[in-house]
Amino acid sequence: MGAKVNPQKTKLGQNAEAEALFMSIGEGAFVTDSNARISRVNQTALRILGFSEKELLGKWFPEAILAEDEQGNPLNSIDRPMGQAFLTGNTVSARTYYRRKDGTRVPVFLTVSPVMLDSKPIGAIEVFRDISTELALERAKDEFVAIASHQLRTPATAVKQYVGLLLEGYSDPITANQRLFLERAYESNERQLQIVQEILKVTKLDLEKVVLNLETYDIRHIVSQAIATVKSSFDTNQQKIVIKEPDEPLMAKVDSDQLRAAIENLLENASNYTWPGKTIAVSSRRLKDRVRIAIKDEGVGIEAQDFPKLFQKFSRIPNPLSVEVSGTGLGLYWAARIIHLHGGYIHVASTAGRGSTFTINLPDPL
Amino acid sequence: MAKILIVEDEKVLNEAYELVLKKEGYAVSCAFNGEEALAYVKKGKFDLILLDLRMPKIDGVEFLKRSDPSKNFPSTKIIVFSNYDDQKEVDDAIKHGATRYILKAWSSPSELVKIVRESLEDD
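From first to last, the protein sequence lines are chains L and Z. Numbered according to the numbering used here, the first sequence spans residues 1 to 366. Numbered according to the numbering used here, the second sequence spans residues 1 to 123.
Hints listed in this document are in silico derivations from the structure and should not be mistaken for laboratory results. All values reported here derive from a predicted model rather than from experimental measurement. Be aware that one or more of the hints could be misleading.
Unchecked claim - When the alpha-carbon atoms are kept at most 27 Å apart in a straight line, the in silico DSS-like pairs for lysine-lysine are as follows:
hint	chain 1	residue 1	chain 2	residue 2
1	L	Lys231	Z	Lys114
2	Z	Lys88	L	Lys141
3	L	Lys204	Z	Lys43
4	Z	Lys114	Z	Lys23
5	Z	Lys65	Z	Lys23
6	Z	Lys95	L	Lys201
7	Z	Lys88	Z	Lys43
8	Z	Lys88	L	Lys253
9	L	Lys209	Z	Lys95
10	Z	Lys23	L	Lys209
11	Z	Lys65	L	Lys209
12	Z	Lys95	L	Lys204
13	L	Lys201	Z	Lys88
Bound conformation, chain L alone (with noise of 0.2 Å):
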């Protein structure tokens, strides 16, 4: 026979339990109602951002704790995880900046999950961390980077001038296998040297030494240009391209040379990508709230499981077109960096066997 239990006493104790629990997280955390507004706060959360709990209790959310993108523009409560959260059921996970109460910013990864009951959401939780620590690594690891780049160009160059001196003919004359041989080594080394640029870009972005230089352009003319350059890409390749543009300008506020770099990667890959015959179509647009350029090839597609990789530093998507690994693998996670940069994003939907499209949407007027 079971003891005589208290059902309201176990419920009150209980409550203790689970309020302790929440307490303790090592993390910070929040606890929100079905509005948004705080029911709970840990003592981690109030230590990393500043407030004392009284502050916070009752205070809806995206006012109470301002939230920042890595450029210092205010999040609005739609975009901010908590909205997400709340708008699609989902949990999310994202990094941004929280502004603390004395004004500073702190970065922060945090996971966000409604809480549903009976299939509806009563509430959120959110969990987050401090990661200034791992910013600061990540930093110190690209700065590291862009050095070891910068040493390794100097005797690259050197190679380059010397195979160059032969192949150019500065010295005594060479054989036909003789030139055979050094070619292969001036590519090889051209190469390097395009590896070592492209390393450098990427380290660039990332420690925010890119300003971008922001003008009214014409985005039709980006276009032509971008296509204009890799149309040898096109040609070899025996593939088609297809160009849908409105009629009257198509005007955005942006760095005409990144936006150009940009639209230059999405059409190499479309085109590496790409059996040969087949079209590429390019088109712009404006929507409601934006301006949109889209991208969309006859190609191999893209696999599920690539499609975390796709805009990963270094990861290369398997090219059953090509039996050489080309690329560094930084080239789309570049275009995504630039394009997010200017306050956009890019978009890819991708059916494997059939084709992909590269979407790059950018806000209007930014």
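Since the structure of chain L is already known, use the hints to place chain Z on it.
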């Protein structure tokens, strides 16, 4: 015969540029840092200077600041020939008298000759 001053601290690169430019018929002098370059421009006049930026003792930008090309040798073409493409550093060099900037890694010997010729003709 046009006179060229190479300012490059990497001995192998300095020698390669010297060989090519001499073979193309230019009169070439070689400095291995900004200090040596200053001594050269004090002694004589050059039509073109090929200037590296990161060098020991006196670097490229400092050489430009101290030698003041726009005042002391305004007709000399100064090509910054560096493997650093730090925008601020390049802007600094242009501000202090450099006429153009080339990334060393992208120039083969014949491309270097082409750049030098273009710069000398560009008056």
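Checked hints:
With a C-alpha separation of about 26 Å, the suggested pair Lys231 of chain L and Lys114 of chain Z falls inside the 27 Å cut-off, and the hint holds. Restraint check: the Cα-Cα separation between Lys88 of chain Z and Lys141 of chain L comes to about 22 Å, which is no more than 27 Å; the hinted pair holds. Of the pairs offered as hints, the one joining Lys204 of chain L and Lys43 of chain Z is violated, with about 40 Å between alpha carbons and a cut-off of 27 Å exceeded. Proximity of Lys114 of chain Z to Lys23 of chain Z is assessed by CA-CA distance (about 13 Å); at most 27 Å being required, the pair is judged to hold.
Annotation: proposed proximity of Lys65 of chain Z to Lys23 of chain Z is violated, straight-line Cα distance about 32 Å (limit 27 Å). Simply put, Lys95 of chain Z and Lys201 of chain L have alpha-carbon atoms about 24 Å apart, close enough for the 27 Å limit, and the pair holds. With a C-alpha separation of about 30 Å, the suggested pairing of Lys88 of chain Z with Lys43 of chain Z is violated against the 27 Å cut-off. Only pairs whose Cα atoms come within 27 Å are accepted, and Lys88 of chain Z paired with Lys253 of chain L is accepted, the gap being roughly 23 Å.
Distance restraint check for Lys209 of chain L and Lys95 of chain Z: the Cα-Cα separation of roughly 20 Å lies within the 27 Å cut-off, and the hinted pair is therefore satisfied. Between Lys23 of chain Z and Lys209 of chain L the alpha-carbon distance is near 40 Å, which puts this suggested pair outside the 27 Å criterion. Taking the CA atoms of Lys65 of chain Z and Lys209 of chain L, the gap is near 25 Å; set against the 27 Å cutoff, the hint holds. At roughly 23 Å between alpha-carbon atoms, Lys95 of chain Z and Lys204 of chain L fall within 27 Å of each other, so this suggested pair holds.
Only pairs whose Cα atoms come within 27 Å are accepted, and Lys201 of chain L paired with Lys88 of chain Z is accepted, the gap being roughly 15 Å.
Consistency note: the structure conflicts with the earlier hints numbered 3, 5, 7 and 10.
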